[in-house]
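**Q** Listed here are the chains, written in short residue letters.
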Amino acid sequence: MDMLFRTKSAFSQIKPTWHIKKVASQFFTACLGFSLSSLALAEQLNLREGVTEISKEVYSLHQYMLTICTVIAIVVFSIMFYSIVKHRKSKGHKPANFHESTAVEILWTVIPFIILIAMAFPATKTLIAMTDTDASALTIKATGHQWKWEYEYLQYEDDANLKLNFFSNLSTPEEEFKTPSRDTGLFPTPWGSDPATDQAVIDAPTKNENYLLEVDNPVYVPTGQKVRILTTSADVIHSWFLPDAAVKKDAIPGFTNETWFEIPEGKEGIYRGQCTELCGAYHGFMPIEVHAVSQEDFKQWLADAQAEQEARELAAADETNIEFSKEELMELGEKVYNTRCVACHQANGQGMPPAFPALAGSDIATMAEHRIEHILIVNRGKNAMPAFGAQLSPKERAAVITYERNAWGNDTGDVVQPKEIAENP
Amino acid sequence: MAHHANPTGFKRWLLTTNHKEIGSMYLLFSLAMFFVGGFMAMVIRAELMYPGLQLVQPDFFNQMTTTHGLIMVFGAVMPSFVGLANWMIPLMIGAPDMALPRLNNWSFWLLPVAFGILIFAIIKSFLGLGAAPNFGWTFYAPLSTSYGPPSTDFFILSVHIMGISSIMGAVNVIVTIINMRAPGMTMMKMPLFVWTWLITAFLLIAVIPVLAGAVTMMLFDRHFGTSFFDAAGGGDPVMFQHIFWFFGHPEVYIMILPAFGIISTIIPTFARKPLFGYASMVYATASIAFLSFIVWAHHMFTVGLPLQGNLFFMYMTMLISVPTGVKVFNWIATMWRGAMTFEVPMLFSIAFVVLFTIGGLSGLMLAITPADQQYHDTYFVVAHFHYVLVTGAIFSVYAAAYYWLPKWTGNMFHTGLAKFHFWASLISVNVLFFPMHFVGLGSMPRRIPDYPLQFADMNFWISIGGFAFGLSQIIFLVVLYKCVKGGEKATSEVWENPEGLEWTIPSPAPLHTFEVPPTVK
Amino acid sequence: MAAQTEPGKTPLYYVPAQSVWPIYTAIALLIIAIGGANFIQQSTDKVANEGTLGGATFAVGLFALLVCMWGWFRETVVESLGGKNSTQLSISYRMGMGWFIFSEVMFFAAFFGALFYTRLLTIPWLGGAGNNAMTHELLWPQFQAFWPLTLTPDGRTFEVMSPWGLPAINTLLLVTSGVFLTIAHHAIKVGDNAKVLKNLAIAIILGFIFMGVQAYEYHHAYVEMGLTLNSGIYGSLFFLLTGFHGLHVTIGAIMLTVMWVRTAKGHFTPENHFAFEAAAWYWHFVDVVWIFLFFVVYWL
Ligand code: HEA
Ligand code: HEA
Ligand code: CUA
Ligand SMILES: [Cu+2]
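Chains as they are written, first to last, in this note's numbering: chain Z, 1 to 425; chain L, 1 to 521; chain W, 1 to 300.
Keep in mind the hints are simulated off the structure, nothing from the lab. Do not rely on the hints blindly, as some may be mistaken.
To be verified - Taking lysine-lysine and the DSS-like style, the derived pairs with C-alpha atoms no more than 27 Å apart in a straight line are:
id: 1; chain 1: Z; residue 1: K382; chain 2: L; residue 2: K124
id: 2; chain 1: L; residue 1: K489; chain 2: Z; residue 2: K89
id: 3; chain 1: Z; residue 1: K91; chain 2: L; residue 2: K419
id: 4; chain 1: L; residue 1: K189; chain 2: Z; residue 2: K94
id: 5; chain 1: L; residue 1: K419; chain 2: Z; residue 2: K86
id: 6; chain 1: Z; residue 1: K178; chain 2: L; residue 2: K124
id: 7; chain 1: Z; residue 1: K56; chain 2: Z; residue 2: K267
id: 8; chain 1: L; residue 1: K419; chain 2: L; residue 2: K482
id: 9; chain 1: L; residue 1: K11; chain 2: W; residue 2: K84
Produce the entire structure from the sequences given, and follow the hints as far as they go.
**A** Rendered as structure tokens:
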């Protein structure tokens with residue numbers, strides 16, 4: 001019995017605490033939650049208010065709409081249930097025979113119309129404000145890729161020659177989402193084993209708090225300044241969504257869209273969102289993480305990040321002249337593979353045919369005559385295979401290719417050096 | 001009964017030109033598709049029950065979402081309404097059959113062909129032999145063009161065939177209604193179900209060819225080097241969305257107008273009072289249909305339309321609430337001071353009025369462009385359209401089925417079981433779809449196989465509701481089976497003094513009716 | 001709405017007996033779809049799909065479809081000649097054809113819509129108009145917005161088709177053909193079969209010449225002008241619109257040819273010639289589409 005109801009209450013919190021509660025209390029809170037007392041919890045179930053002026057405006061617009069709609073619903077349903085209860089045949093009510101009234105009909109055409117006008121005014125005002133991207137201090141270009149965001153800092157204050165761009169990949173380790181959930185709730189596990197004894201469940205790592213919402217390289221923005229985001233895409237349509245700023249803009253290949261937000265001073269912090277346009281298999285796995293910092297900190301970060309990038313580029317150029325050992329390349333290659341390639345080609349190199357080809361035993365990854373082609377595919381991409389030329393340093397690419405040519409029984413013994421990568425861009 | 005020397009058995013069904021038989025085939029087909037689409041929904045809900053990838057691969061999950069949407073929309077809801085139209089329109093207007101009976105048979109048999117192709121792709125995917133369509137039921141380019149799996153081409157041709165079926169079905173309905181009414185059955189005397197179908201058929205003929213155009217361009221972009229949806233050649237992926245939604249928005253009204261007709265037929269019967277505001281119902285339906293052509297971009301508030309565009313589409317979308325409101329108010333006025341009883345069709349109708357209105361009101365919230373920046377592509381949208389589609393369209397079909405089953409089979413259904421079906425569905429459907437509003441407002445994106453932890457609790461309950469709703473539908477199968485097999489014999493009127501020509505003929509309705517047209521006073 | 005049945009009246013309406021053709025036609029379409037998809041995949045080499053008999057299956061399907069159409073139409077012709085078509089039924093047929101043509105209008109509307117959208121919105125946007133300044137600056141700095149678009153954003157270039165050569169001749173051909181068809185139509189209403197045959201023949205021949213000219217124009221575009229399906233949005237729209245129109249001309253010409261044969265066989269009377277009328281409507285519809293197309297695709 002205990003087993004059956006081992007679930008967390010539905011409404012106890014919106015932030016998860018990952019443990020199991022007692023039957024009675026859950027049931028109680030759940031019922032409570034479904035009843036009117038949900039008013040007290042309304043905040044957690046409602047739209048996020050966010051932190052920007054616009055998001056607050058949107059929030060109050062939402063509240064306004066929700067209130068009107070709720071009132072309409074209550075009025076309409078009350079009248080309906082009143083007439084249902086009152087005019088039951090079982091109570092001996094005899095039907096009237098009217099079926100028209102021009103006056104009433106005009107009334108209930110005109111009143112909704114007036115309500116709509118009352119809704120349209122604030123909506124128009126907010127929409128106009130949202131569209132105005134003028135006078136922004138920082139411009140960032142956000143390019144969607146399957147399945148990561150690339151950020152390019154184009155201009156900050158007077159400096160239109162920023163040199164900074166980076167990719168922002170999901171950083172939640174794969175083990176966390178590819179393993180069963182620890183909290184298995186009402187049913188033992190989806191496949192029916194007992195979580196207390198199921199080794200797969202016991203071994204599963206705990207999902208961390210920012211599960212699926214965390215990235216390796218977050219975007220930094222200053223507070224108190226208007227940030228303009230230009231969205232575009234390198235492949236399919238994605239959408240850049242930051243709920244706390246009420247910003248959602250589709251990233252369309254071949255076009256750019258503009259949007260903006262301004263996080264007020266004092267609201268420094270980390271804001272998270274997700275891609276909101278179906279963009280293929282890992283659409284659910286390309287989060288957006290924005291670090292809002294004070295203007296001072298931002299300037300510092302910007303300078304550091306640019307310097308670091310420059311250093312990295314120099315190092316990468318140097319690397320093309322160095323011969324690395326196979327061991328070193330294999331080690332790095334495995335790391336790169338497991339962060340950048342696994343999503344499609346899988347850890348065992350089997351891919352997910354036919355969408356994503358297997359690399360284990362594939363002609364391209366094993367045969368000498370395809371060696372150059374292998375390099376080109378990784379550098380330039382091909383159809384749904386992304387180009388990694390701009391995302392990975394020559395050394396990293398050399399490493400991952402070396403890895404692919406030797407892992408999973410491919411055992412070609414090939415070693416690909418950064419030089420070769422640079423020669424076949 | 002033997003009118004022509006009709007073959008019996010299998011061939012009778014394959015070759016029939018009789019509107020009642022074709023209607024039954026449509027209805028059974030749509031029921032089957034409802035279960036197939038429901039099965040996919042169950043896979044979705046099972047995967048989403050807990051955070052983490054539990055059962056299926058992400059790509060397979062997308063295939064389930066896509067085929068669930070496609071099968072429910074094109075395979076379950078639309079054919080069920082066509083089935084009802086086939087059965088009831090000739091009976092309601094006193095015609096001997098549909099105007100073009102052979103075409104009617106063809107329209108039906110195209111459906112198993114189209115869905116056979118689609119379902120074959122899904123079965124192949126289950127067996128690990130290649131991905132089924134995985135780009136959402138909206139198949140936005142370029143995910144469906146350059147990035148679509150090989151099955152996309154089969155999907156395109158399958159959509160073409162569905163399209164032919166819908167267009168031919170709609171042509172038939174229009175011609176039947178305009179040309180086959182019994183003497184005295186003037187347009188403004190037609191039952192509302194007939195009216196709403198007339199307008200629906202018009203919508204179908206106007207927009208299904210546009211969908212055909214869209215998939216044709218897709219096919220060309222995929223294989224023949226064109227660049228309709230590719231900026232590198234001067235095309236635009238957003239143009240795909242415009243074309244799709246020019247079809248897609250009227251499409252959602254195609255899935256609700258016949259439902260309005262059904263509800264407008266049932267409520268007066270059990271309120272024992274004529275429908276309030278008949279004429280305004282007709283005008284409201286026409287206004288909704290008209291407006292449905294100029295609101296499509298409300299699905300595209302985040303694609304970066306110019307400000308004026310967003311404003312225009314916001315205003316037009318909001319306007320639709322007015323005629324829809326007129327309908328809701330008319331239904332309530334019909335109940336007002338009636339003598340109400342609560343037979344199963346009425347229960348579903350009352351639930352329809354309430355739950356559809358909830359779905360409509362969330363639609364109105366979505367129409368507010370700035371707020372849609374938060375709602376768009378989250379579960380709030382999913383909640384909205386399941387309220388209008390499941391508790392709207394599907395509930396109306398259940399209402400219609402219970403209302404006319406005795407006429408079709410000649411037997412009363414098992415009321416107790418049917419009521420059980422209703423209550424189980426009503427409760428579970430709300431557990432299923434209501435919390436979706438909350439996760440949506442909490443900004444959970446749609447079409448994802450796994451989600452951040454703060455959505456875990458709600459999704460668990462949603463899944464429980466989903467399983468319960470799914471299981472509840474099995475009760476309907478039992479009711480249906482028992483009703484076809486036997487049961488208390490129904491009178492020709494079935495209910496107390498219902499209006500309409502269909503109640504003047506015996507139950508079960510004989511194969512051929514109104515060969516001599518009745519005269520309507 | 002109480003019903004009243006008047007006894008003793010004969011049935012107004014002929015409900016056809018069961019027919020094998022609808023389901024056969026559905027199966028033919030199934031074969032076409034399977035064959036067609038496989039055929040396209042194999043012949044365009046985008047998708048690895050070897051070992052299926054796409055082309056052959058497609059051909060079988062097409063043949064089956066023709067057989068079905070022959071059978072189905074034969075059935076209706078027999079009914080019509082057998083006098084089973086009441087006035088009401090022939091009105092139904094006419095309305096049915098009318099609404100079918102309306103659906104075709106909407107099909108073309110999708111393509112014309114794409115044309116207008118491209119010209120009025122996409123191309124200017126790619127050139128930086130409206131809220132797309134950054135699209136131009138960041139993504140397509142070299143691109144110049146003009147129409148007809150002879151240089152795509154990614155740098156493909158080709159010539160455009162001038163309206164005043166073959167297209168103008170083609171316009172003339174189709175319009176003249178429509179005139180002869182109308183003469184034939186008037187003739188059929190007075191039962192002058194010889195006149196019908198003569199004028200209908202001219203209308204058909206003009207139609208076939210149109211198709212020939214169109215084929216030559218395509219050849220010219222591909223071989224000499226570098227204008228292909230691959231030529232960016234201009235080539236895409238040009239070939240899609242004219243190609244689908246051409247397909248409809250072909251269907252229409254076949255329909256008219258059948259009508260010629262049926263006239264020769266004496267199937268039509270001044271009162272009963274629905275099939276002829278349907279084919280004529282279709283032809284006029286194709287005509288109108290062409291004129292529209294001539295203006296917006298070739299000329300403006
Ligand atoms: C049967 C199907 C159906 C119906 C009837 C509707 C009805 C409406 N829909 Fe819905 N909609 C869908 C099916 C449907 N929709 C689907 C499937 C999608 C998602 C597609 C996808 O992306 O996959 C969608 C998405 C969708 C969006 C896009 C959301 C997004 O993606 O961001 C929007 C935005 O405007 C919207 C609005 C509306 C409106 C305003 C109505 C109106 O018609 C509702 C009118 C009704 C009422 C308002 C209630 C009754 C009225 C009163 C009681 C009167 C008094 C009220 C007032 C005056 C306020 N719908
Ligand atoms: C009329 C249309 C219709 C109907 C009836 C339904 C019915 C249901 N839908 Fe629907 N849904 C859509 C139209 C519809 N849906 C559309 C258009 C989309 C968008 C697709 C897209 O994003 O592209 C969508 C998307 C969609 C999603 C979002 C997926 C995503 O974004 O990833 C979800 C998630 O829960 C969902 C759930 C359900 C459920 C649980 C039902 C239930 O009501 C189904 C109940 C029925 C059954 C279950 C079948 C009967 C019972 C059995 C087969 C017995 C077996 C039962 C058990 C094992 C319990 N649907
Ligand atoms: Cu990127 Cu979804
Ligand atoms: Cu819509």
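**Q** State for each hint whether it applies.
**A** Right, here's what the structure says about each hint:
no., hint, verdict
1, Z:K382 <-> L:K124, "holds, 26 Å"
2, L:K489 <-> Z:K89, "holds, 24 Å"
3, Z:K91 <-> L:K419, "holds, 21 Å"
4, L:K189 <-> Z:K94, "holds, 25 Å"
5, L:K419 <-> Z:K86, "holds, 22 Å"
6, Z:K178 <-> L:K124, "holds, 24 Å"
7, Z:K56 <-> Z:K267, "holds, 13 Å"
8, L:K419 <-> L:K482, "holds, 14 Å"
9, L:K11 <-> W:K84, "holds, 24 Å"
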